[in-house]
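Following our numbering, the numbering of the sequence shown begins with 435 at its first residue and continues without gaps.
Check the hints yourself; a few may be wrong.
Once the Cα atoms are required to be at most 25 Å apart in a straight line, the calculated DSS-like pairs of lysine-lysine come out as [to be verified]: (1) K521 x K604; (2) K491 x K604; (3) K491 x K607.
Simulated restraints on C-beta separations [what the hints assert, rightly or not]: (4) R462 x V591: 15 to 23 Å; (5) V591 x T513: 28 to 36 Å; (6) R462 x T565: 21 to 29 Å; (7) R526 x P563: 33 to 41 Å.
Hints are computed from structural coordinates only; laboratory data are not their basis.
The model shown is predicted, which means the values in this text are computed figures rather than measured ones.
Note that CB positions come from ideal geometry on N, CA and C, so glycine has one too.
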Amino acid sequence: MLPFARLVIAGLATCAVATPAMSQSRSRMRIALPAFGAQIVMDTIGEVQDVAAPPMKVFRAASMVLTNLRIAIDVSDSTAGLVGAAKLTRSRNLGGRALSRYLECGSNMTGPRADSHRVQMPLLLMLDPGTEGTTRLRIALVASAQDNSGTSTQAVVCATTGVLEGELRKAIKDQIAELR
435 MLPFARLVIA GLATCAVATP AMSQSRSRMR IALPAFGAQI VMDTIGEVQD VAAPPMKVFR
495 AASMVLTNLR IAIDVSDSTA GLVGAAKLTR SRNLGGRALS RYLECGSNMT GPRADSHRVQ
555 MPLLLMLDPG TEGTTRLRIA LVASAQDNSG TSTQAVVCAT TGVLEGELRK AIKDQIAELR
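Hey, can you work out the whole structure from these sequences and the hints?
Listed below in structure tokens is the structure:
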């Protein structure tokens with residue numbers, strides 16, 4: 435019984451040490467889409483890149499870029515470093531460009547599903563302070579496409595091509611240069 439008690443005490447001590455660090459982290463944004471069997475934790479996807487500007491400036495630039503693309507921002511928290519559109523839904527295009535440029539949802543007889551289906555595509559930009567006035571920027575995009583022709587079909591999972599994320603990073607850097 436004594437070894438078991440030591441194990442329990444060691445486990446409780448570990449939990450007590452880990453709890454403060456857990457409470458200091460920002461809340462994790464979870465997204466549910468029709469084609470996915472589980473919720474997606476947005477801060478586990480996307481590539482992180484450093485941006486040579488402080489987080490508040492990157493936040494302002496990112497907000498302007500999304501607005502210029504006519505993306506309705508429904509997540510905007512400068513303190514937590516979150517900006518984006520958790521409920522973003524598009525059909526056919528985004529910013530005047532075909533969705534198939536940004537997403538691969540497979541094809542049917544009429545062409546790429548991304549260009550003919552209703553696409554739910556939550557887009558979240560996460561900003562964390564970097565070193566010496568820089569910002570670590572993560573752009574997370576997930577998507578699913580649903581045929582909107584009235585037939586009862588299942589939604590399909592879409593993969594990002596990476597093009598939108600690259601265009602957003604470039605546009606944010608360009609916007610930061612204009613803010614200086």
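Right, here's what the structure says about each hint:
1. K521 x K604: 23 Å, holds
2. K491 x K604: 15 Å, holds
3. K491 x K607: Distance ~10 Å between K491 and K607 Cα, so the pair holds.
4. R462 x V591: 15 to 23 Å: 21 Å, holds
5. V591 x T513: 28 to 36 Å: At roughly 33 Å between Cβ atoms, T513 and V591 fall inside 28 to 36 Å, so the hint holds.
6. R462 x T565: 21 to 29 Å: 24 Å, holds
7. R526 x P563: 33 to 41 Å: Cβ of R526 to Cβ of P563: about 38 Å, so the range 33 to 41 Å holds.
In this structure, none of the earlier numbered hints is contradicted; all agree with it.
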